[in-house]
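In case you want the letters, here they are:
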Amino acid sequence: MPAERHAAGPRPRRTGTAATAALLAPTYLWLAVAVFLPLAGMLYFSLLTGVPAPHHPAAFTAENYLAFVRKPYLLHVAWRSLALGLWTTGLCALIGWPAALALSRAVRGRARDAIFLLTILPFWTSGLVRVLSWTMVLADHGLLDRALGAVIPGWRVSDLLYTFPAIVIGLVHAYLPYMILTCYVSLAAIDPALIEAARGLGARAPVIFARILLPISLPGLLSGAVLIFVPVIGSFMEPRILGGRVGVTMGTVIEDQFTQAFDWPLGAALSFTMLAAVLLLFGVLYGASRLRPAA
Amino acid sequence: MGGSISRRGVNATMGAALVAAALGARSRPAAAAETITVLNWQGYGTDEAWALKLFAEHTGITVRHDYFNSEPEMVTKLRSNPGAYDVALINSARTRTIAADGLIEAIDLSQVPNAKDLTPALRDHANLTEGGKHYGISWVWGMNSLAVRRGVVKGADSYAVLSDPAYKNRAALFDDAVTEVGIGALMTGQSINAPTDLGAIKQRLTAMKPNIKLIWSSESEWNKAFVAGAFDVAIYWSGAAARAQKRYNLPVDFIVPKEGAIGWLDGLSVPSAAKNKAAALKFINFMIDPSFYLQWAKDAGAAASANAKAMSELAPDNPIRTIHKAEYISALQFMSTLPDERRKAFVDLWSEMKAFYAG
Amino acid sequence: MVGVDVAGVSKGFGAVPVLDDVSAAFAPGMLTSLLGPSGSGKTTLLRIIAGFETPDRGSVRIGGETVTDTPVWRRQIGMVFQSYALFPHMTVLQNVLFGLHRRGVRGTDAIARARATLDLVRLGGFEARRPAQLSGGQQQRVALARAIVTGPRVLLLDEPLSALDRRLRQEMQVELRRIQRTLNLTTIFVTHDQEEALTLSDTVAILDHGRIVQSGAPAEVYERPRSRFAASFLGDANFLAGTATADGVVVSGRLLRTADPLPSPGSAVTLAVRPEKIGLDTADSAADGNTLPAIVQQIIYAGAASTFLLAAEDGTLLRVFAQNRDVPAAALGQRVVLHWAPAHSVVVAA
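Chains as they are written, first to last, in the working numbering: chain L, 171 to 465; chain P, 27 to 385; chain V, 221 to 570.
Bound-form chain L, shown alone:
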């Protein structure tokens, strides 16, 4: 006769919760240490007058968050960063979506694998090396000019390096794979029968693109856009190396604060201001997507 040691009734759910917590703990620990702690540290910095040093104690101030008011030129810089983001995202969408479409529909087997490899090849190389090689291509009498000259003697694109378009070229090259991959996932999931059904109903290519393929793959386009827009507005490598005197963006200004001006509080405050702007943008987009009627 077993002793009545255990209380009668259903076993408590604690084991389930404990197991879940145990599985989640490493991830949250990592997030806390690698992301939240440094962010919190930076937030603290952003409210100081300067980097605390033995002879320079720092006081608390909100001055740094007024940077855009005190230094109006920062607004132009912010606008340029935004323009970079929009141009890059737009071009990546224009080039990436058709590429993903071709990859998902027109190419099969070995050829598709090969093209996939080529698409993600930029990820295999160091970002810095990539951007530096663009300087060789875009420079006056660089590789591009020489290639053009080989086709039509004397044909050159002058002064392409150290301009806004040069930065955009470098950024599009770096971020295009994101768009291609996200759009590919969306497009490949489309049942080919849908397209045949549309054709059977009398639709031709333009209608199929606009009414079927584009709307259904919109999630892919949007996630690609987010993956590209957010890093680009904060980028500083491409602007610095390809932009010459035009390459002044929020990214380079913030980087300057940390490496040249040693004004960490200002750099931190600018970073958080940008973060707030991006979160605001997401909030608006998300709200708008919910408001739309189920159509």
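Don't take each hint at face value.
Straight-line alpha carbon distances no greater than 20 Å define the calculated EDC-like cross-link-like pairs of lysine to aspartate or glutamate that follow [as the list claims (entries may be wrong)]:
| id | chain 1 | residue 1 | chain 2 | residue 2 |
| --- | --- | --- | --- | --- |
| 1 | P | Lys235 | P | Asp202 |
| 2 | P | Lys250 | L | Asp310 |
| 3 | P | Lys194 | L | Asp329 |
| 4 | P | Lys324 | P | Asp73 |
| 5 | P | Lys228 | P | Glu367 |
| 6 | P | Lys250 | L | Asp315 |
| 7 | P | Lys370 | L | Glu425 |
| 8 | P | Lys194 | L | Asp310 |
| 9 | P | Lys370 | L | Glu233 |
| 10 | P | Lys159 | P | Asp127 |
| 11 | P | Lys250 | P | Asp201 |
| 12 | P | Lys228 | P | Glu378 |
| 13 | L | Lys241 | P | Glu378 |
| 14 | P | Lys370 | P | Glu97 |
| 15 | P | Lys272 | P | Glu339 |
| 16 | L | Lys241 | P | Asp374 |
| 17 | P | Lys301 | P | Asp150 |
| 18 | P | Lys180 | P | Glu285 |
| 19 | P | Lys351 | P | Asp183 |
| 20 | P | Lys235 | L | Asp329 |
| 21 | P | Lys370 | P | Asp202 |
| 22 | P | Lys250 | L | Asp329 |
| 23 | L | Lys241 | P | Glu131 |
| 24 | P | Lys308 | P | Asp143 |
| 25 | P | Lys142 | P | Glu156 |
| 26 | P | Lys159 | P | Glu131 |
| 27 | P | Lys308 | P | Asp134 |
| 28 | P | Lys272 | P | Asp343 |
| 29 | P | Lys235 | P | Asp190 |
| 30 | P | Lys79 | P | Asp92 |
Hints listed in this document are in silico derivations from the structure and should not be mistaken for laboratory results.
Dock chains P and V against chain L, hints included.
Using the frame of chain L, we list chains P and V on its own:
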């Protein structure tokens, strides 16, 4: 290195001979097996392996090194490790502040025989001395000034070329607030360390906008862009220009225009709490010795020596010598300490200029 | 009401031939099934008629007009796919309106027509739903509505009911037939389910390895199969191999009669007899019909009827399908005599 006689090997032997002459006969190692610690940038002369080997053989003093990656780091190390260092490399811009903190002590020049050959203007520069005493031994120096493309830019003698319409979109500036504000100060006849009229400087910098193609921040970036033909006039470092000429044969001319140029001067100092001061002085003496310098400067890798005798013994076609002419020294304003607010004002001005150039 | 004709259509994918010189006429206003196992080419034929594939050789005519080179979107066909292929990002109404808009019918006109068609398929009131919110049967009906709303000349269906459960499938079969009759729409229906083909069709065309082996009304194709394949694919059949004589076919020493014309005496002949045509008897009746003794090997009881597996004297296994009027009609191991009418012996090509 397989036994064959390489150029390096021959040079080393000749150098060894010179060093032996300078340091005297090999002393018995058993007598004085001392160690000193030197605080410096990595790869900046005092840690040349061949030199330390010879120094140890001749004096029995072993030299160890500790490195810093920025001047604030150097100051922190000195402050927090009293007694750890015997020799420290300190930019003359900071020597007096550090001396005022009591971290380094005055050096008796009679203990440093080679000091008599140092260029007086450098040896006795106000940045290194306080109350007649020397707190740093002037070691190497250099200039930030104009570099122009030979054959394309002729007769440039003023920073005004940076705003000359003839060089539209053909100029490059150094991405450093202190340097660029300094250039503006020189153009307006002000002190680079204490300009009174930042507005005038801003005006001069603004006028350069149509000419500026790029703003460089490293020697390799400058060299690459120059080779690719991106610009014809620029602000550059004198030492880098010498290397560009000697190693890469670039058609670049280094010019000190009539407004003068920005100079920097590095000195070797002895921390107050150092344990082996006599040995430290011996090492410093060796560092300013021509025998050491000539070897170090062979491939134009070194900066210009503050030792006039050493400079005069350089090969006449060595770019270090041709660029760092002794007569320039009087035209230089050497960088010195900037109070925090002034430095911040410079940085703010330069940030604004960069944004202005971009827009 | 238009008819569809295919003439000499052949199609291969790479080195694999899928259709081999297929010719058929699909009567106007009739529902024709293309029946066959997988790989028989039935779907390919349908897709060629629709225009999604082009034949390597041969022609397709719709209403007398050759459409072999006409693109899909001009053929005025309605197609229902096996997976329904509803547009997931559109509502039911928008799905149905799609084809109308492509033909230039817009506005309230289009909506009225769409609504009417949805009513026809008994989905009135579902206009605002999305495909993901519908059940399988409802999705099927939307696919049908979408295909017929534009008033196509031909309706093509590619195994549309195979994803539904048995009861729903039977319901939909009835619905489909009703709608097809109401609209008098020439319909071609691909299926591998022979019961479905028999239930729905005006004409059944059996395909095997890229050829149409037999085509005709369901009863005709069922009762008078012309080949072994047709006999065994459509329903069950017993095959008796023997030699032809002047009076009949000798199978294992017994003379079996048939109503079909016989080949020259001495040639090998196969007779096919459907299981439900055979009766079980305990004694050798002196009837005019065919008899064959056999021993009962297995009885599969299925309530209303039973299937008997028997072994003939020469070992051939035979199937008999009998209603359970008197249970049991025979016992395991019992010797019985099978008998059937000569008219039910069908001479089939081997």
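We went through each hint and held it up to the structure:
{"no.": "1", "hint": "P:Lys235 / P:Asp202", "verdict": "16 Å, holds"}
{"no.": "2", "hint": "P:Lys250 / L:Asp310", "verdict": "12 Å, holds"}
{"no.": "3", "hint": "P:Lys194 / L:Asp329", "verdict": "12 Å, holds"}
{"no.": "4", "hint": "P:Lys324 / P:Asp73", "verdict": "16 Å, holds"}
{"no.": "5", "hint": "P:Lys228 / P:Glu367", "verdict": "17 Å, holds"}
{"no.": "6", "hint": "P:Lys250 / L:Asp315", "verdict": "17 Å, holds"}
{"no.": "7", "hint": "P:Lys370 / L:Glu425", "verdict": "16 Å, holds"}
{"no.": "8", "hint": "P:Lys194 / L:Asp310", "verdict": "15 Å, holds"}
{"no.": "9", "hint": "P:Lys370 / L:Glu233", "verdict": "15 Å, holds"}
{"no.": "10", "hint": "P:Lys159 / P:Asp127", "verdict": "15 Å, holds"}
{"no.": "11", "hint": "P:Lys250 / P:Asp201", "verdict": "16 Å, holds"}
{"no.": "12", "hint": "P:Lys228 / P:Glu378", "verdict": "10 Å, holds"}
{"no.": "13", "hint": "L:Lys241 / P:Glu378", "verdict": "8 Å, holds"}
{"no.": "14", "hint": "P:Lys370 / P:Glu97", "verdict": "17 Å, holds"}
{"no.": "15", "hint": "P:Lys272 / P:Glu339", "verdict": "17 Å, holds"}
{"no.": "16", "hint": "L:Lys241 / P:Asp374", "verdict": "9 Å, holds"}
{"no.": "17", "hint": "P:Lys301 / P:Asp150", "verdict": "26 Å, violated"}
{"no.": "18", "hint": "P:Lys180 / P:Glu285", "verdict": "17 Å, holds"}
{"no.": "19", "hint": "P:Lys351 / P:Asp183", "verdict": "16 Å, holds"}
{"no.": "20", "hint": "P:Lys235 / L:Asp329", "verdict": "16 Å, holds"}
{"no.": "21", "hint": "P:Lys370 / P:Asp202", "verdict": "12 Å, holds"}
{"no.": "22", "hint": "P:Lys250 / L:Asp329", "verdict": "16 Å, holds"}
{"no.": "23", "hint": "L:Lys241 / P:Glu131", "verdict": "44 Å, violated"}
{"no.": "24", "hint": "P:Lys308 / P:Asp143", "verdict": "16 Å, holds"}
{"no.": "25", "hint": "P:Lys142 / P:Glu156", "verdict": "19 Å, holds"}
{"no.": "26", "hint": "P:Lys159 / P:Glu131", "verdict": "9 Å, holds"}
{"no.": "27", "hint": "P:Lys308 / P:Asp134", "verdict": "12 Å, holds"}
{"no.": "28", "hint": "P:Lys272 / P:Asp343", "verdict": "9 Å, holds"}
{"no.": "29", "hint": "P:Lys235 / P:Asp190", "verdict": "11 Å, holds"}
{"no.": "30", "hint": "P:Lys79 / P:Asp92", "verdict": "17 Å, holds"}
The structure shown violates the earlier hints numbered 17 and 23.
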